[in-house]
Amino acid sequence: MVSVESERPGGELLVPTPVKIVIAGGFGTGKTTMVNSVSEIPPLHTEELLTEAGVGVDDVLGLEQKETTTVALDFGRITINPEVVLYLFGTPGQNRFWFMWDELAFGAIGAVILVDTRRLDSSFPSIDFFERRGIPFVIAVNCFEGAHSYEVAEVRRALDVDEAIPLVLCDARDRESSKTVLVSLIQHTMDRLDAMA
Amino acid sequence: MTGREDWWYDEAAGPLVRPYAMVRGRTRPLRPELHLVTQVRAMPSPADPDALAVEHLEIMELCRRPLSVAEVAAYLDVPLVVVKVLLSDLIQRGDVVIRDPSRVPHVPDRNLLQAVLDGVRGI
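Going down the list, the protein sequences come from chains A and B.
Following this note's numbering, the numbering of the first sequence begins with 1 at its first residue and continues without gaps.
Following this note's numbering, the numbering of the second sequence begins with 1001 at its first residue and continues without gaps.
For the record, the hints were derived by calculation from the structure and aren't laboratory data.
We put the CB at the ideal spot given by N, CA and C, even for glycine.
Just so you know, not all the hints are guaranteed correct.
[To be verified] Computed spacing ranges between beta-carbons, pair by pair:
#1 Ala158/A x Arg1121/B: 44 to 50 angstroms
#2 Glu1033/B x Met196/A: 34 to 40 angstroms
#3 Leu1062/B x Glu103/A: 18 to 24 angstroms
#4 Asp194/A x Asp1050/B: 53 to 59 angstroms
Let the hints inform the model, and build the full structure from the sequences given.
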C-alpha cells in the first residue's frame, strides 16, 4: 500500500481525491470476485436502508407507513498515490435498485460489465443502463471453466454492442487479468475524452 | 420484500435498532455532499471530546487516515445513512474535514485518469 502523507507543506490536512469504477453485470457473473482480485484490502460490505419509493430514507416517524429495505454494497480499494484513491463498487444484484446504481455511477470513470456466456441476457440490463446514460463502459467476458469458449466477435454480435465498445476476455479470479480489464476501461474513457476535445 | 411482515425488523433486527438510537432517530443526513466515496479525515484532536458519543470517537479514530464514507460505514458496521448523520455532526463541529466537493470534477479529467491508469498498472 502507498503510504499516506499526513500533511501538505502548508500544514493543511491532505484529503485525497476519490475516483470510482463500477463493476456491473448480471447475477453470478463474477462482480465480487473481480473486486476481490484487485482490491488492496479485503472487500468491504456496507448497507443502505431505503424506502421502497426510493427517494431516500424519510424521517423516522413516517417509517411505519413505508416498506423499508436494505441494499447491500460490496467494494474494494486501490490507493493510487497519496492524493488519489480508486474505489471499485460491485452493483447490487437486484436490478430494481436502479437509484442506487445512479449514485454508484455518479462521477464514475466508467463501468466494467461482466458477462457470462452461458447467461448473456443477465447482463443486458447493465448494458442498457450505462448506454442510456452515456457512461463509458467495457464488456468483460468472464471465462468460466466448463463454459463453451466463444470468439470475441461472436459475443459482440450476440450482445449487439457497438464496435467502439472494448470487449475483452478475462478471468475475474486472476489479478493480472482483472487489472487488464480496468486498464482497458480507463483507456477507453480517456479515448472518449480525447474524441470530445 | 413481499409484504408488511418483511419490513425492517426481520431476523437482522438486532443490530438495526441500535444505530437509530445512536443518532437519536435522525435519518436525514444534514450534509448532501456526503457521497459513498467522499473522503473524510479527522482533525488531530476533537475540540470538546466530552460532548461526543462513542460512535463519533470511533469515527475520529478511524479517520486519522483519510477514508471514504462507505469505508467508515463498513468498519463501524452500521448503515450508510447512520454514518452520514454522525459525520454531519463532526463536520459541523469542525472535527473532521472532507474533500471540498468543488474540487472534485463531475467526471475525472485527463490528468487524473492518467494517474489512475499508471496506478492500476503499477499494482
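Here is what the structure says about each hint:
no.: 1; hint: Ala158/A x Arg1121/B: 44 to 50 angstroms; in the structure: violated, 31 angstroms
no.: 2; hint: Glu1033/B x Met196/A: 34 to 40 angstroms; in the structure: violated, 27 angstroms
no.: 3; hint: Leu1062/B x Glu103/A: 18 to 24 angstroms; in the structure: holds, 22 angstroms
no.: 4; hint: Asp194/A x Asp1050/B: 53 to 59 angstroms; in the structure: holds, 55 angstroms
Going through the hint list in order, the structure does not satisfy hints 1 and 2.
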